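Novice: The chain contents come next:
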Amino acid sequence: MHGTTRGKAGTSAAPAADLSADHGEAMHRLVTELYPLCRSITGDGVRQTLAALLAYIPLNVCEVPSGMEVFDWTVPQEWNIRDAYIKNGAGERVVDFRAHNLHVVGYSTPINARMTLAELRPHLFSDPAHPDWIPYRTSYYKETWGFCLSHRQLEALPEDDYQVVIDSSLEPGHLTYGELVLRGSSTDEVLISCHVCHPSLANDNLSGIAVATALAQQLAARELRYTYRLLFIPGTIGAITWAALRQAHLGKIKHGFVLTCVGDGGHPTYKVSRRGNAEIDQAWRYVLQQSGAAFEILPFSPFGYDERQFCSPGLNLPVGCLMRTPHGKFPEYHTSADNPSFVRPEGLHDTLQLALTTIDVIENNRRYRNQKPMCEPRLGKYGLYSSIGGQSASDYQMALLWLLNMSDGDHTVLDIAERAALPWDLIKQATQALLAAELLKAAD
Amino acid sequence: MHGTTRGKAGTSAAPAADLSADHGEAMHRLVTELYPLCRSITGDGVRQTLAALLAYIPLNVCEVPSGMEVFDWTVPQEWNIRDAYIKNGAGERVVDFRAHNLHVVGYSTPINARMTLAELRPHLFSDPAHPDWIPYRTSYYKETWGFCLSHRQLEALPEDDYQVVIDSSLEPGHLTYGELVLRGSSTDEVLISCHVCHPSLANDNLSGIAVATALAQQLAARELRYTYRLLFIPGTIGAITWAALRQAHLGKIKHGFVLTCVGDGGHPTYKVSRRGNAEIDQAWRYVLQQSGAAFEILPFSPFGYDERQFCSPGLNLPVGCLMRTPHGKFPEYHTSADNPSFVRPEGLHDTLQLALTTIDVIENNRRYRNQKPMCEPRLGKYGLYSSIGGQSASDYQMALLWLLNMSDGDHTVLDIAERAALPWDLIKQATQALLAAELLKAAD
Amino acid sequence: MHGTTRGKAGTSAAPAADLSADHGEAMHRLVTELYPLCRSITGDGVRQTLAALLAYIPLNVCEVPSGMEVFDWTVPQEWNIRDAYIKNGAGERVVDFRAHNLHVVGYSTPINARMTLAELRPHLFSDPAHPDWIPYRTSYYKETWGFCLSHRQLEALPEDDYQVVIDSSLEPGHLTYGELVLRGSSTDEVLISCHVCHPSLANDNLSGIAVATALAQQLAARELRYTYRLLFIPGTIGAITWAALRQAHLGKIKHGFVLTCVGDGGHPTYKVSRRGNAEIDQAWRYVLQQSGAAFEILPFSPFGYDERQFCSPGLNLPVGCLMRTPHGKFPEYHTSADNPSFVRPEGLHDTLQLALTTIDVIENNRRYRNQKPMCEPRLGKYGLYSSIGGQSASDYQMALLWLLNMSDGDHTVLDIAERAALPWDLIKQATQALLAAELLKAAD
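Chains as they are written, first to last, in the UniProt record's numbering: chain B, 1 to 444; chain F, 1 to 444; chain C, 1 to 444.
Among these hints, one or two may not hold up.
What the hints assert, rightly or not - Pairs of lysine-lysine, DSS-like flavour, derived with a Cα cap of 27 Å: (1) C:K428 <-> C:K381; (2) F:K381 <-> B:K142; (3) B:K381 <-> C:K142; (4) B:K441 <-> B:K428; (5) C:K381 <-> F:K142; (6) C:K441 <-> C:K428; (7) F:K428 <-> F:K254; (8) B:K381 <-> B:K428; (9) C:K254 <-> C:K441.
Claimed, not checked - To give a feel for the contact side, a few chain C residues facing chain F, derived at Cβ under 7 Å: (10) N370; (11) K372; (12) P373; (13) M374; (14) E376; (15) P377; (16) R378; (17) G380; (18) L401; (19) W402; (20) N405.
What the hints assert, rightly or not - Stretch by stretch, here's where chain B covers chain F in the computed footprint (C-beta under 8 Å, at least three residues): (21) 370-378; (22) 398-405.
Simulated from the structure, these hints should not be mistaken for laboratory data.
Keep in mind it's a predicted model, so treat the numbers as computed, not measured.
Even glycine gets a Cβ: it sits at the ideal position worked out from N, Cα and C.
So here's chain B without its partners, still in its complex pose (with noise of 0.2 Å):
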C-alpha cells in the first residue's frame, strides 16, 4: 500500500561500494556526491537522493499522496523547483539558485515581477552574525516565497528595479521516503532514521544519510536477532507520516536511535530517549564510556530532530539520538557553511564504528543464570584461570568473575558490563566462554 521498491537507476551494474572500507572516505565521497540535490520535504531533490541510495542498499522508496490525514497533520503539497533569480536592472542575477540552492527559502512559491528594493527586502532573509555565509530558512505551512543571502551582499544591494523569478511549483503530489528493513530471527525491530530533507546542508544530514547507509550494508551481511528497519525520511511530516502509517506496528520496536550530525569534528553526542533509561540508552551510555574518548550524554528534551516524534506521549518509544556537535551548536548550522569540508571521514568512520558496536551490544545483551552459583566455581576445572596463584587478576578474569557474580537472572550482561567498568570485546569474549563452560545458561 504504502511502499514501492524502484529498480537501481544507471548503477544497478556496478558493485556497491563498501562504504565502511576506508575509514569514512567513502561515506565521505557519498556526502558530496549527494550534496548538490535541492531536496526539501517532498519533491524530486528527495526521489533523487534515494534513487542514488539505490546504488548501495536495496531501499523501498514510498511515495504518500499529498491531503492524507496523518495524525495532526497533512500531507503537504508537492514542491518543486527548476530555477530562481534576482535580476538587478542591468540583467544580472545579482542571487542566483543555480550557484546555491539554500538561496531559496525551502517552499517559496512561484513569482516572476519587476520590483524596487524596498519591496523586496522583507523577502531578504540573512544572518548579521556570520555575513559572509548563506543561512537555510524555509516556510512548509504558510504560502509565501523569499530569498536567502549574505549579510554582506544584502547590505551591500542597490537601489535598483529588480526582476524575482521563481520557477516553483507547489501542487498535488507526493511525500517520499526510503525504508529498508533486514530481517533478524526476531521480528522484534530496532529503529535506525535520519532525515533526508535538507538541501545542500552536509552535516546536517548528509552525514546520518552516510552513515545509516553503511550501518545498512553492515548488517546486511551478519546474522541478526533483531530485525533492522532503516528510514531516510523527511523530518518531522516524514516521521509522522511514517508513524501514522505503521501505527499498529510500533510496538514491534524495542530499541532505536536518529542520526544526524554525526560527521564533524566534535565528539560524539547521544541524547537519551524519553524514557530515559532504555536499554538503547544504556547501550550508548556503556559504549560511549568505554570508547577511551571524550563524549556527552544529554538528557532528553522535546526539541531535536525525529525522536521528538518518537518520543511523543502517545508513542514514547525507546529511541535516542546520536549525534556528534548537535544542532545548533556549531555556527555552520542551517548554513551554506555546513558544505562538505565541514564533514570529516574519520568522524563519519567513529560514529559507524561505535554504532556498529553498541548494535552489537544490543545483540549480544540477556540475562544468564550462573550454574553453580554456591560460592565460586573452580574456574581452572575449566581452563579458564591462570595456574600460577599469587598474582592480580586480569581484565579477563574480573570478566569472568563480573559475569558470574552478576548473573542471578536480574541483571543483563549489559547491567554487567557497565557495573564491571570493562570493555565490550572482554564481556563478549568472557560470556562466550562462560557459555561454552555450561557455567552459564539463559535465563530468558
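Given the coordinates of chain B, work out where chains F and C should sit on it, guided by the hints.
Specialist: This is chains F and C only, laid out in the frame that chain B set:
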C-alpha cells in the same frame, strides 16, 4: 470555643496600607511599629501586636485559657510585666526594662529586694562573644527571674547595695494567637505560620509577621483555589496549642510553610518539610532555582521554628520553613542587635515576591493530558508556532513543547517546569495557551 | 562431624593476654609470634597457628578430609614441607627455605635433582619491579614446583651445576580451620572471618588474625544480642569448605565482615557487600564517617578475599570486607617486604576500635516508636532540656530531637544516626535516656 474576633481598635476607620506597594518600605514600617512591644508566649504584648495587625488584615484573635492540656504540654500561666530595673546604691537605674525589654529574662517572676553583687550575679546573663549587645533569654517552664545586659556593662558593675525590682505577674490567664482564613474554591488548605512571641527582636520575627501580613493582603484580593490559613502564634506552645485544638482539621492541610527571619540582607533559604519531597518543597526549590539569584535549600532537621511541631512524626504535615539567613547563622540573632535597622526593605520585598510566586505555582499546579499525543500536534494550526522554519526554538516554544511532551497524566505542571528549567511565567502562559487551544485537558 | 576442640598445647596454664590492652602492641606481638610459621591452605603451618591462638581464645579446630566434594571444588591433598634449597656447585645453599619460607612456591611437589641454570630457570619466580624482594607464588591446583627469589639474586645466578631439593609431601590428609562461636541472646549470627593460609606475610593476613582474636576476647566479655561466629580459615578453599558444610546454617547470618590487611599505616577501607545496602554496610559507613579520620568506601567487586565466596550469587550474604590499604595497593603486598615491621600497632588498634564500635551499632540497632508523636513532647518534664531558653541546641539535645522525630517505626536508630550525622556515643546515650523516660518504645 477557641477563637473570638475582636474589632479593630482605633484603626478601623483608616484604610489599610498595601504592604507590598513600595518595595518593602511599608513592611519595614510595620516592623518598626511593632518593635517596641514586649511580646512573650502569652500576655498583653501579643494582644497589642495582633491588635495592631487588625489595621491591615481581619484577623481572628483567639484566647486559650491557662491550664488547658495540649498534647504533652499545658497552656502556661499568663505573664505580664510593667516595669523592671536594677538600681545602684545611688538610686540610679543601671539596668532598665524601659530602656530595652530584652533586659528582663522572659517569664521572670516578681521580685523586689536589696542584694549584693554576689547575690545578684547568678541572675545576670550576658554574651562575652558580643560584649556590646544584650542577649535574649527566657525561662518559661522553670520559675526564676533574671536580667540580661551587655557583657561590657556586666564586667563594669561595681560592688554595691543593689535594689532589684521586677514588677511582673504570672497568673492564670490566656494564651493568645491570631488566625486568618481566606476561603478558596477548595476546602484543602495552605498553612502559613509565623511566631509572635519574641519581644524587641526584628528579623526574628517581626519580619515574618510583616511578610505574612502582606501575603494575606495580596491573597485576599485574589480568586483562590486553596483555602489559606495564616497563623500568628507564639512559638512552640502556640503551635502545639493550635494543633491540639485543630487536630481533626489537620488532614485538610496540603501545603504550608513557616516564615521566619525573612528580612535580613542574606539570600533566601528554604528548609524542606520532613517529607522532603512534598509539593511545597518542590515548588520552593523550583521558584528559588528560577529566581536567578543565590539561594540555599536545607534538608529537614528537627530543630528550628514551628515546622518542628508541624513535622513531628504524628502530624508529618507538608510544611517547610522559609528564611533568609537562618537562626543562629547571623551574629545578631537573639540579641539587641536584631533591631529594625538589621531588617532591609528589599529583603522583605524579595521574600514576599518569592512567596507569591510559590503560591501561584501551587495554585496552578495540576496534571494535564495532551489531547494530540501521537507525534507532535501541528502548532502552526493553533497559532502557536513561527511560520519561518530553520531557526532555534524560543523559550516560549520550548515551554509549549515540554508541556505537550510530558503532559501524560502522570507529570504535574511543576514537574514539567522543573524538568524544562524555564521560568514560571512562561510555563503558565504556555499552559494557558495550550488549554485555550484544547491541546491540553485536565487529567484529574 | 566437622570440628574437634583441641586442648591448648603448652600455654593453657598461662592467663591469656588481653590483646586490646596497650594500643595494639599486644596484637603486634601476636603477629610477630606467628610470622615464622609456614602456613598454606592445608598442613601443619595452619595447625601450629591455630594452636598458638588457643592461648588467647577457645577456638574449635576443625579438620576436613582431602577428597571431600565441596560445591564445585574438592578438598585438596595436604601439603607439608620440611626443607628446600638450591645448592650451587660449591655445595652452598644459594636459595634456602630455612632463610625465608616465601622461597618455595606454595604446594611445590617434592624434587631432588641436579640441573643446569637453563633447566632450573622456568621454575624460578622474581619481581623485576621490586628487585630486592622475594615474591609470593602458589600452585595449588597444578602439580609443579618452583622457587621464588629476589630479582637481583636471580639475575646474578651464574651458570652452574645446581642441586635442587624440595623435601615436601602432597598426600591425602586434612584441611584445617578454626571456628569460635560466642552465643548471644539471639541465634541470629554475625560472621567475622579471616584467612590463615599465607606463610610469612604479616599484613596479609597476620593482621587480620590478630584483630579477629582481639575482637573475640572483647566480645567474650560482653552480653551479646547476636551470636558471633569467628572463622580462621584458609582463603578460598577454606571458605568454600566451611560454606558447603554449613549450608543449612547460612540463613542465620544477618551481618558479617572479612578482616584482611588491617595493620598497615593507611586509612581504613570498607568494601561493601554484594547487596550494597546491607545493615552492616550502613553501619561501617556511619562509623567511618563519624571517626573524623580519612577512610574509603569501595563498591562491591567479585575479586578480593573470602567475601568473594560469601557474596557469590547463590549465598549473597550481607558480608563486607574491612581493610586498611587494600591488597595490591601497597607495593609490599605478596612479597617478603610484608613483614612485621610493615604492620603498625596503632593501625591494629584503630581497626579493633572501629570494629568494636561497628559491632556496638549493630547490637543496638532497632526500630523504636515515639510515644508522644503529636508535636514534640515537653522534654523539660523528663529532665531532658535546659531550662534557660534562647540558646542553640547542644549535640545531645539534637540527638534527642532526631530520635523523637524519626522514631516512627520505620527508621532504625542507625538510619537516624546517619541522618543526624552525630557520633554513636551521643545517639546511644540519647536512645537510652528516651527509653528510660518511656518516650521511646521498641517497634519490633
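Novice: Please list, smallest to largest, the hint numbers that this structure does not respect.
Specialist: Hints that this structure does not satisfy do not exist here, as all of them hold.
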